[in-house]
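Trainee: Here is what each chain is made of, one letter per residue.
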Amino acid sequence: MANETLDKAKVKEAVQRRKKETYTPVIPVQQFGFVHNNVDCIGCRACEIACKDKNGLAPGPRFRRVMYVEGGTYPDVYAYKVNMSCNHCAEPACLPTCPTGAIFKRVKDGIVDIDSSLCIGCRRCEAACPFGAPQFIPDQNIVSKCNMCVDEIDAGRKPYCVQACMMRVLDIGPIDQLRAGTYPTKAVAPHEKVVRQVKSMANPELTNPSIVFVPHSKGIVEDKGAK
Amino acid sequence: MNANTDKWWVGVVAIILALVGGFSVHFMSDSNGAPAPAASNTSPKAQEAAAPSTPPTAPATQVAAATLVTNDYGRARYDPIHFKPAIDKATDADCLKCHQEVLDSKTRDASPAGLKKTDTLAWYQTLDTYAGEQMTFHQRHLTAPFIKKVATMSCTTCHQGNNPRDEVSGTSADSPTDLTMRKMVDPNLCLRCHGQFPYQNMGLPGPWHESGAAFQNNCLLCHVSIRTNRHKVNYLNAAAIEQEATANGGDSCYGCHGGRAWYRTSFPYPRHAWPGAGATVPDWAKDRPTESDLRFLIEGSKP
Amino acid sequence: MSGQDWQDKLKSALKMDRRSFLKTTAVGSAAIAAGGLTLKPKEAQAFAYEPYPRDNDLTTVVTSCAHNCGSRHMLVAHKKGDVIVRLSTDDGRYQKGGEFGKDTFEEPQLRACLRGRSYRSRLYSQERLLYPMVRTGARGEGKFKRASWDAALDHVAGKMEELKSKYGPTALLDQSYAGASYGVLHKSDQIEGLLGRFLGMYGCRTSSWSVPSYEGTKFSSRITFGTIEDGNEDDTFAHAKLIIMWGWNPAYTFHGGNTFYYMRMAKQQGCKFVLVDPQYTDSASAYDAWWIPIRPNTDAAMMAGMVHHIFANNWQDQNFINKFTQGMDAGTMPDWAKDKENFRDYIFGKYDNTPKTPEWAAEICGVSADDIKKLAQLYATTKPAALKASWAPGRNAYGEQYNRMAAALQAMTGNIGILGGCAEGIGKAWHAEGVAYPYDEFANVFYESIKSDRWAHCVLNYPNVKREDIGLWPGGKAGDGVIPDIRGIFWQGSDWFNQLTNINKEIKAINKLDLVVCNDSTITPSGLYADVLLPVATHFERHDVALPWYKGHYYIHRPKVIEPLGESKTDFQIYTELAYRLGGEQFGKRYNPKANRDYFQHDDAVDNAYLQEWWEHKVMAHQHVEMSWEEFQKRGVYKFKLDRPHVAFQDNVEKGVPWPTASGKIEIFSGQLAQYDDWTKTAYGHEIPAIPKWIVPWEYLGDKEKTVKHPFHLISPHPRHRTHSIFNNVGWLRETYSQEVTINASDAKKLGIKTGDTVEVFNDRGKVVVPAYVTERCMPGVLVLHEGAWLDLDENGIDRSGNPDMLTLDEPSPAGSFAYNTVLANVQKTDLAHKPGWDQLSTARSHVFRRDL
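Line by line, the protein sequences give chains G, X and V. Reminder that position 100 of the first sequence reads as 99 in numbering that gives the first Met the number 0, one-by-one numbering, no gaps. Reminder that position 103 of the second sequence reads as 102 in numbering that gives the first Met the number 0, one-by-one numbering, no gaps. Reminder that position 577 of the third sequence reads as 576 in numbering that gives the first Met the number 0, one-by-one numbering, no gaps.
In case anyone wonders, no lab produced these hints; they're calculated from the structure. Hints should not be assumed to be uniformly reliable.
Straight-line Cα separation of at most 27 Å, DSS-like style, residue types lysine-lysine; simulated pairs [claimed, not checked]:
hint: 1; chain 1: V; residue 1: 240; chain 2: G; residue 2: 185
hint: 2; chain 1: V; residue 1: 271; chain 2: G; residue 2: 217
hint: 3; chain 1: V; residue 1: 749; chain 2: X; residue 2: 83
hint: 4; chain 1: V; residue 1: 748; chain 2: X; residue 2: 83
hint: 5; chain 1: V; residue 1: 640; chain 2: G; residue 2: 185
hint: 6; chain 1: X; residue 1: 285; chain 2: G; residue 2: 198
hint: 7; chain 1: V; residue 1: 465; chain 2: V; residue 2: 680
hint: 8; chain 1: V; residue 1: 337; chain 2: V; residue 2: 322
hint: 9; chain 1: X; residue 1: 83; chain 2: V; residue 2: 828
hint: 10; chain 1: V; residue 1: 271; chain 2: G; residue 2: 185
hint: 11; chain 1: V; residue 1: 382; chain 2: X; residue 2: 96
hint: 12; chain 1: G; residue 1: 192; chain 2: V; residue 2: 240
hint: 13; chain 1: V; residue 1: 705; chain 2: V; residue 2: 749
hint: 14; chain 1: V; residue 1: 708; chain 2: V; residue 2: 748
hint: 15; chain 1: X; residue 1: 88; chain 2: V; residue 2: 142
hint: 16; chain 1: V; residue 1: 101; chain 2: G; residue 2: 107
hint: 17; chain 1: G; residue 1: 185; chain 2: V; residue 2: 828
hint: 18; chain 1: V; residue 1: 142; chain 2: V; residue 2: 427
hint: 19; chain 1: V; residue 1: 617; chain 2: V; residue 2: 427
hint: 20; chain 1: X; residue 1: 83; chain 2: V; residue 2: 753
hint: 21; chain 1: G; residue 1: 217; chain 2: V; residue 2: 753
hint: 22; chain 1: X; residue 1: 115; chain 2: G; residue 2: 217
hint: 23; chain 1: G; residue 1: 217; chain 2: V; residue 2: 337
hint: 24; chain 1: V; residue 1: 158; chain 2: V; residue 2: 142
hint: 25; chain 1: V; residue 1: 101; chain 2: G; residue 2: 192
hint: 26; chain 1: V; residue 1: 680; chain 2: V; residue 2: 748
hint: 27; chain 1: V; residue 1: 828; chain 2: V; residue 2: 753
hint: 28; chain 1: X; residue 1: 88; chain 2: V; residue 2: 828
hint: 29; chain 1: V; residue 1: 101; chain 2: G; residue 2: 217
hint: 30; chain 1: V; residue 1: 753; chain 2: X; residue 2: 88
hint: 31; chain 1: V; residue 1: 101; chain 2: G; residue 2: 185
hint: 32; chain 1: G; residue 1: 192; chain 2: V; residue 2: 271
hint: 33; chain 1: V; residue 1: 753; chain 2: G; residue 2: 198
hint: 34; chain 1: X; residue 1: 105; chain 2: X; residue 2: 147
hint: 35; chain 1: V; residue 1: 753; chain 2: X; residue 2: 96
hint: 36; chain 1: G; residue 1: 198; chain 2: X; residue 2: 83
Here chain X is said to cover these stretches of chain V; the calculated rule only asks that three of the stretch's residues, wherever they fall, bring their Cβ under 8 Å from a Cβ of chain X [unchecked claim]:
hint: 37; stretch: 773-781
hint: 38; stretch: 802-809
Note that the Cβ used here is the ideal one computed from N, Cα and C, for glycine as well.
So that you can see chain G by itself, here it is in the shape it has in the complex (with noise of 0.2 Å):
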């Protein structure tokens, strides 16, 4: 084998150089993320179901998931739904907390994913994460999580959860024209706005997620920035 030649104190100083380096985040050619329109959504969780089907999840673990929120006093109330799974953050938290090098984020679209294969099941990265993407997956005693469905995404097509929105209020896309409102998308209608961060979410700043909503009004966050 190759590495046989690696001279072994080269590799230990190696070692030491890189000791006290943080890792590199991986700069995608271009990022895909998804945008959700948690006010047209009527939360009927069929993405939650198609992707609980297509990942062969049992209950418990959920890769997705529909969020109800609802607020004001009776009669005058009103209710949203806000939808995230993995949302494949530019600098994830997931990845550097990894003993086993089991995440990765790929060049060609950002797309964040586990190798379940290598997971010994420690779930810091299901602790890291500000999204609650990571899924401890008990009967394995492994950490699994959405993938986007990259084998749809390599076979031309999109995520399961995507093509299973009866709304069509769930789409993906470079998440750069997605946020400048370029992207084509029912998921927007043309008078529609998209924010990065919606009420309750974790600020955004910590991973720089890739995914952007339209907001209720109710939802709003008004955008204070790094914190």
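Following the hints, put chains X and V in place on chain G, whose structure we already have.
Mentor: Only chains X and V this time, still in chain G's reference frame:
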């Protein structure tokens, strides 16, 4: 699965790491059959870590005094202990009565593909402050020798309740508020020890691994006089941290201040006054509070 | 297939995820992956080391959902060998001229909902019925032993012969319902069903005539328009300027494949939405609707107030009224009935000195007079406006009056027959060719027919039963007015015991029966009360074609995706075989003319012959379809493109085509109802006014006496995570939504109830235990408990699942509508236990922290 195949696998891991973090090198030596440097360089400290630790399990008498736990799972999920205000009074024993498994359950010895946990370390686990075998994050935060030395973490340090109905605030008229979507713990809490090293604020030319040498890899070189009033919160052992920093120089500080930076930002620590602090507040600190969060104040230190 | 084989299959099917594949194949593929090992870093690949089955490596089979919801969506099975690995749905590729992503206004994708997407869990569920079973314990106890098909069918046939000879042609009650319906061949239904034809041909059948979902609405549509085809196709909703969702929650109950989506398009074009409902539903939030909370079962009163306001301001479309309606006012009354009550004069109080003003209505329905006026004005002055009068408020005491009142509003504002308007009602729109099975003079033979929710009453009180007590349909072949002597029940596509009103009464009645036969693919709460359980192949395991439901213009092919699990057979196979056992070649061949007796073993060729004949002689012949049967099978779907949007009664309005009523008009005043003199000789049994009226229900919040003991009005709408009771056993779905009782926050505060508290909901008819959901989204005084939870009785007969039909009354409205939503009850905290499912596993994410339970 035979041993030979195991080796193949480790090689595969190396490739991923090469891509992700550029840290292929030390794994290469492992796949060569040589002992992995970090895992085999068991320091005396690491041996201590391997010794059986005492998990913060309460004796049986104390458990009996805790909230009566029902066998009805639906009811258990809505036990008042999971919500404010009862959760503020919950002891670790109370929590562990049902959740003992967060300490008992172990990581896998090997990944499904056969990667042994003893054969793999992340870069931050090669820092001097990291010792002991792979644990789950709950164990690492509650029972690892180092954390027990420098901190007094309890379940409720991080956990402030959750919403069983949906993992977000506002799912019913009486659901808990101020929860972070899909999270059992507010990530801002994690940020305290897992944020970036804010070298710009300190006026350093670059990140610590570049500029550290110029300061003898010793944070206290400057910080012996700047912000001397450090770590005065109830979940940290300020004295032990100071001692650790004095003994180990930069590495121990860096362990929490950039060495395990999961996030892009740094925590905006409160700007406690310190002896000799100037009157002018730099721009980056203008919005910062001057006191820690109420619930982290050390008893008796403030009203 | 042996038991062990099947279990292995089940295991592999449910575990067909990328992890478990690994266990068996990781070694080999790891070696392959490492074969290309170099030191040069290369792009990491998903599943590089995991032999994850990608869609393109699997066999793709187009099929559809088949349960009894308000829609019919496409499912695409991806299978490996004989195991379905996963399901996807329409992505635009399958229709003629299709391509990935095609999703146009004319040909939208038929995307399945969460229930459809969960089919794999149901197909391979723990509750899947695999072998014929014969009861060994008491009814309801759930003790069965496995039997051979031979033994089970002999037992059933023997009992049938015995009961027929002893008790005559009404001894067997057909309780086939739509749970396995909406295929053209394998149908479960009262009127067009395999069981009905089998029992009718056998000569022993009491049928059940009232439809639980919408009998009041159906009555209204028939009486008013002369047809139930009063519906528009779903795309027409995109053209409305105002949509009033009256008790309608299209986010939960799909009427048509894309109604909710077309409504989103309407919203984007400025359409305004109103929701009249005791709950602020997810439809209200998605469409940003003006929510008007209303007391349950008072809808007709509010509508009367609106009618009053429209007339009082002269906002009605008098031209439309004059041309197309009968009895809307004195001027439109038929000559023979000039002395009878007309609608306008009723509204203005001519007959009872009570003008139905908005103020009068406000007292009853709890909506302010101002809001009633505002809505009336909005509806009368916005064109086109769709008042969608949903079925739920019709499932009430005098529910038919609500639907008839709505029809009057739709007519008086001229919103009928125009694009963007709405005359629904039932809402059946495009007419599909629905029948491929042998359809002949035996299709719906019955010897008596009763109101569906009166069987227990009939059995318990026989023979001291009056015909009007059970809604006896006139003209039964055993002679008019003979009370059926019901001794046995057949269930097909029907978890009836779980879904009918007043379950405690049913439990009493079922113990008086001599035979209960249940055909199902799943062991349901009803099945536990059966004597014989016959395992039925699911729609993945038999050949059929899916029909759209009441809206939609398409057919979806449903091939046999996999072989039937266990020893399951189709209903058609079972009844054919029973026919041979009961009546030999003569009955067998007559019942299933294309088959021989070996149909029980070999059904493929026969089923295909029926379907091909249907396609070629009905679809191709009648519906201008040129696609061959072979091509249709290959593509899996045929979507029609209509010449113009399908709007009910467009030709009546534009071309003067008469309505199919006796008068040819929209009958606000019903000539038929006005001419009955002995109501006890009608199926209704009790008087129904000739014009729509507000009639005080027997239980509602306006009842000062009854509300002392039971101060809450309980409604039981359709849940989203079940179709009636179907899918209740799917863990995936119970994870997304729980059975819980919704209660208003101020009510909950008074009772000390918090979200998550276990409470008991009760009245004199029963008691259920369920967790509470406390919200501002529900009207005070109202409780909401979704129908269909699987009955789970404790030793005291208290239902721990939260099935609202423990509390409903088995007293239908005269016109036949089930009074599911006419229930007063009370609620309080309890120490009793709730059981979310038979497996008892809660499925919240926090479950992963609590593996010891």
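Trainee: Run every hint past the structure and note whether it holds.
Mentor: Now for the hints, and whether the structure bears them out:
no., hint, in the structure
1, V/240 with G/185, "holds (21 Å)"
2, V/271 with G/217, "holds (20 Å)"
3, V/749 with X/83, "holds (21 Å)"
4, V/748 with X/83, "holds (18 Å)"
5, V/640 with G/185, "holds (22 Å)"
6, X/285 with G/198, "holds (25 Å)"
7, V/465 with V/680, "holds (11 Å)"
8, V/337 with V/322, "holds (18 Å)"
9, X/83 with V/828, "holds (21 Å)"
10, V/271 with G/185, "holds (20 Å)"
11, V/382 with X/96, "violated (64 Å)"
12, G/192 with V/240, "holds (24 Å)"
13, V/705 with V/749, "holds (20 Å)"
14, V/708 with V/748, "holds (19 Å)"
15, X/88 with V/142, "violated (49 Å)"
16, V/101 with G/107, "holds (26 Å)"
17, G/185 with V/828, "violated (46 Å)"
18, V/142 with V/427, "violated (42 Å)"
19, V/617 with V/427, "holds (20 Å)"
20, X/83 with V/753, "holds (14 Å)"
21, G/217 with V/753, "holds (24 Å)"
22, X/115 with G/217, "violated (49 Å)"
23, G/217 with V/337, "violated (57 Å)"
24, V/158 with V/142, "holds (20 Å)"
25, V/101 with G/192, "holds (25 Å)"
26, V/680 with V/748, "violated (50 Å)"
27, V/828 with V/753, "holds (9 Å)"
28, X/88 with V/828, "holds (26 Å)"
29, V/101 with G/217, "violated (34 Å)"
30, V/753 with X/88, "holds (21 Å)"
31, V/101 with G/185, "holds (13 Å)"
32, G/192 with V/271, "holds (21 Å)"
33, V/753 with G/198, "holds (24 Å)"
34, X/105 with X/147, "holds (19 Å)"
35, V/753 with X/96, "holds (24 Å)"
36, G/198 with X/83, "holds (20 Å)"
37, 773-781, "holds (count 3)"
38, 802-809, "violated (count 0)"
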